[in-house]
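Could you put the whole structure together from the sequences, leaning on the hints where they help?
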Amino acid sequence: MPLRNKIRPHAPADRPSPQSRSIAARSRTLPTSALSSWGAARLALTAFFAVDGLLFAAWVVRIPDIRNQVSASHGALGLALLCVSAGAVATMPVVSRLCLRYGSRPITVASLALLAVAVPLPAHTHSVPALGGVLLLFGAGYGGANVAMNSAAVEIVSELGRPVMPSFHAGYSLGGLLGAGAGGLLADTLTAAQWLAAAGLLGLAVTALAGAALLRSPAARPVGTASASTSSGGTSSGAGRLLVLLLGLTALCTAYGEGAIADWTTVHLTDDVHAGAQVAAAGYVAYALAMTTGRIGGTWLSVRLGQHRVMLLGGFTAAAGMLLAALAPLVPLALAGFVLVGLGLANLFPLAIAQAGAVGGPRGVALASTLGYGGMLIGPPVIGFLAEATSLPLALTTVAVAAAVAALLPLAVRRR
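Counting the sequence shown from 1 gives a position; this note's numbering is that position plus 2.
Because the hints were derived from the structure by calculation, they are not lab data.
There could be a bad hint or two in this list.
[Claimed, not checked] Quick list of simulated restraints, FRET-style, between CB atoms:
hint	residue 1	residue 2	range
1	P95	L244	18 to 28 Å
2	D190	A338	19 to 29 Å
3	A221	P95	20 to 30 Å
4	F387	N70	19 to 29 Å
5	R311	V403	20 to 30 Å
Quick reminder that beta carbons are idealized off the backbone N, C-alpha and C, glycines included.
Shown next as structure tokens:
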């Protein structure tokens, strides 16, 4: 991620940093055999990102079934979803320390295995407290996996010397698309228990195969240990910390929308727009497909338009799309809104994390990532509480507000 904002030659404000120049120099010295080995590691880690997205989407598309199974109101469901946040927040700092001690790769394998084991459990609960308990475990696996995978990805970006971070996040989005699409198509064929069990088994199989390849690849060196302390924008200065904080808030606002849409899209389309189960799942599919497309083209857009323009246009596109998706009374309009949200949000989070890495090195990445994933995890329960107090469509409009804020924050960053 820290390299993504360094590939654009047209904007003087985003000229390559000392860190990017050192990585580029390293890439010219890597022999072909080393590049091939790191390419295999890249493919294996992309598979982890993809299965992470698939498992999360597999749970998302069956939330309405689980809600009915435990007889939860909007508020009660929000409390249960808060347990995902609690499990992740409690796990992330621990996983960060474990990555430093044992390496990010074995922790990636262990975290994805935990997530795969936890995915089938919600379908076997029959009360809100029981659902909350298993979602604590689910959140621990999901939060741990995201910290470990991104740590491993930063290492691979450094070793390859190419800005390949967007491809990892595109893998996550593609996995989410496949999970949502398959879940929607099989909604009338498989029960929630059968579908989530199948997803969990697939997750374990991919974890075993990709994990073997990832653990066999060459060991990576720590990233940015020197540049973080020597670069002028490092987190050692107050200005650097403020920049990283603003970028972290951008990531938080963006991820707030991602988390809210992931957990509440199918419920909104089912309850408020009166769509069937397959059509409701198609709402998340449309969003995931748009986000995947946006991330695949994100590097090209950043080169052509500049990363700040991409973030500004993306934030306002997502805001307009969310208002349409939340308030439109017709299914086609709501689906079109979710497409706009996916396109708009696609590159906000990766670009914010990339800039934080350029400014503050690994500490900047850690702080911005923590804020960002925190936003993703608090989004669903906040929407649930607001929906209980007002209505779900009105609660979802807060995603539009957050997207607009995310569009404007990079302007403050640019002025500094």
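Hints versus structure:
Restraint check, P95 to L244: a C-beta distance of roughly 22 Å satisfies the suggested window 18 to 28 Å. Range check, D190 to A338: Cβ separation about 25 Å, and the 19 to 29 Å hint holds. Range check, A221 to P95: about 24 Å between beta-carbon atoms, so the 20 to 30 Å window is met. Taken as a hint, the range 19 to 29 Å holds for the pair F387 and N70, whose Cβ atoms sit roughly 20 Å apart.
Checking the proposed 20 to 30 Å range against R311 and V403 shows it holds: the Cβ atoms sit about 21 Å from each other.
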